[in-house]
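> Next come the chains, spelled out residue by residue.
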Amino acid sequence: DAMVIQNPRYQVTQFGKPVTLSCSQTLNHNVMYWYQQKSSQAPKLLFHYYDKDFNNEADTPDNFQSRRPNTSFCFLDIRSPGLGDAAMYLCATSRDWGTGSQPQHFGDGTRLSIL
Amino acid sequence: QQQVKQSPQSLIVQKGGISIINCAYENTAFDYFPWYQQFPGKGPALLIAIRPDVSEKKEGRFTISFNKSAKQFSLHIMDSQPGDSATYFCAAWGGATNKLIFGTGTLLAVQP
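Going down the list, the protein sequences come from chains A and B. For the first sequence, the numbering used here begins at 1 and goes up steadily by one. For the second sequence, the numbering used here begins at 1001 and goes up steadily by one.
What the hints contain is simulated information worked out from the structure, not anything from laboratory work. Beta carbons: idealized from backbone N, C-alpha and C, even for Gly. Check before you lean on any hint, since a few could be wrong.
To be verified - Derived contacts from chain B toward chain A, CB cut-off under 7 Å, selection only:
#1 F1039
#2 K1042
#3 P1044
#4 G1095
Stated by the list, open to error - Taking beta-carbon pairs under 10 Å as the criterion, some of the chain A residues facing chain B (in silico):
#5 S40
#6 D62
#7 A92
#8 Q104
#9 G107
#10 I114
What the hints assert, rightly or not - List of simulated lysine-lysine pairs, BS3-like, C-alpha gap at most 27 Å:
#11 K1015/B <-> K1071/B
#12 K1071/B <-> K44/A
#13 K52/A <-> K1099/B
#14 K1005/B <-> K44/A
#15 K1071/B <-> K1057/B
#16 K38/A <-> K1005/B
#17 K44/A <-> K1042/B
Chain B with its partners taken away, still in its complex shape (with noise of 0.2 Å):
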């Protein structure tokens, strides 16, 4: 129940292409959904969040779309630039455990 997953594991994208990365979760009391950006040799970095009371939140080429019913949410990238490429974790906080749950990760590359 405590668990995050995420898909796909890797990525594959041209540039200027949209990068779709999903993330599904169980615990209903997960209330607070972050998105982290991780380069090689750097810590993760907070991209872009979202509480379930919004079903999406946009910040410059990154939305995330949350589906409260399905228990779902995703990144999108739009315009998907090689600077972009990165691991991409999603996470969810709240719960009995209140700590932060990661999912396994997606390694996205993009071509220029």
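Chain A extracted, bound-state conformation (with noise of 0.2 Å):
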């Protein structure tokens, strides 16, 4: 009864050679959160949609992009990825936007390796 899936959960790719990383949620949530956690390191916000309205963060590198093609799903592209972008992505959901909308539902991440 996972409710924020992500696929594939080990990708690697190489230095410079595109690569989407997908999420899926079953919880019907408005909004949905790209993170990414370097080891030993707190999850650090790289985006989030409210339903097709996409919020970047200020410090979200250009090389990152998402793609919300309905409420189900949300892809994150990485258009060159460097060795530093070699981290656990992971994707959480929340019913709405605001305080009392919290909690976020992590899923289990795609932990992104690059040769």
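Fit the two chains together into the complex; they arrive one by one in their own frames, and the hints show the way.
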């Protein structure tokens, strides 16, 4: 009964080769988030979608893009992965925006390795 | 002002003991304070959360104590078990940015 599902769990790509990570949710939540988490660090928010409205964090590199074709699915595209992009990528959802709509529900992440 | 400071960075507790993790914040606009538990290779899972209108919340062996005037909150794990060994993140939500601000995490090891 997983609610936020990320695929694949492990992804290996080559330096500079585009890669796409996917996330799906069965919660019918309006907001979907993408976080980057490096070893022994807290998750770092990259961007979020409120419905179809995309919101980028100011310090998210242009190399990272996202698509949300419908309520259930969201994709993270890394156009030209560098060695520094090796990390765990976490997808999360929340029912809506604002305090009353918390908490966020996280998937188990995709571990991205760059060769 | 947007930071959440978490301590200790790591903690070793004997089975059956009490684990205590502390967090402090500056932004008085924060109005939701969750704790997440993360096992290796897994995503963070919500453990327990509190809003600033209460001073304590208990769920099973897990208790949040909240001190609004001191802008501090803490997680207490009673009767700690080896299965509690994980990384714990406090977080805060609210304020102008309206996003979840995480603490730096505490790696808890419960020894049998």
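> Does each hint fit the structure? Answer for all of them.
Against the structure, the hints:
Against a cut-off of 7 Å between C-beta atoms, the interface hint on F1039/B is violated, since the closest Cβ of chain A lies about 10 Å away. Satisfaction of the interface hint for K1042/B is found here, the shortest Cβ-Cβ separation to chain A being roughly 5 Å, below the 7 Å cut-off. With a least beta-carbon distance of about 5 Å to chain A, the hint placing P1044/B at the interface is held under the 7 Å criterion. Taking 7 Å as the C-beta cut-off, the interface hint given for G1095/B is violated, the closest approach to chain A being about 10 Å.
For S40/A, the interface hint holds, the least distance from its beta-carbon to any beta-carbon of chain B being 7 Å, beneath 10 Å. Proximity of D62/A to chain B is violated relative to the hint, the smallest CB-CB distance being about 20 Å (cut-off 10 Å). Of the supplied interface hints, the one on A92/A holds, with its beta-carbon coming within about 8 Å of a beta-carbon of chain B, less than 10 Å. Of the supplied interface hints, the one on Q104/A holds, with its beta-carbon coming within about 6 Å of a beta-carbon of chain B, less than 10 Å.
Interface hint at G107/A: satisfied, since its Cβ lies 5 Å from the closest Cβ of chain B, which is below the 10 Å cut-off. Of the supplied interface hints, the one on I114/A is violated, with its beta-carbon coming no nearer than about 18 Å to a beta-carbon of chain B, more than 10 Å. Distance restraint check for K1015/B and K1071/B: the Cα-Cα separation of roughly 30 Å exceeds the 27 Å cut-off, and the hinted pair is therefore not satisfied. In summary, the hint linking K1071/B to K44/A is supported, as the alpha carbons are separated by about 23 Å, within the 27 Å threshold.
With a CA separation close to 18 Å, the supplied pair K52/A and K1099/B stays within the 27 Å bound. Straight-line distance between C-alpha atoms of K1005/B and K44/A comes to about 15 Å, which keeps the hinted pair within the 27 Å bound. Note on K1071/B and K1057/B: the hinted pairing holds, with a Cα-Cα distance of about 16 Å set against a maximum of 27 Å. Distance check on the hinted pair: K38/A and K1005/B sit about 18 Å apart at the alpha-carbon level, within 27 Å; holds.
Annotation: proposed proximity of K44/A to K1042/B holds, straight-line Cα distance about 16 Å (limit 27 Å).
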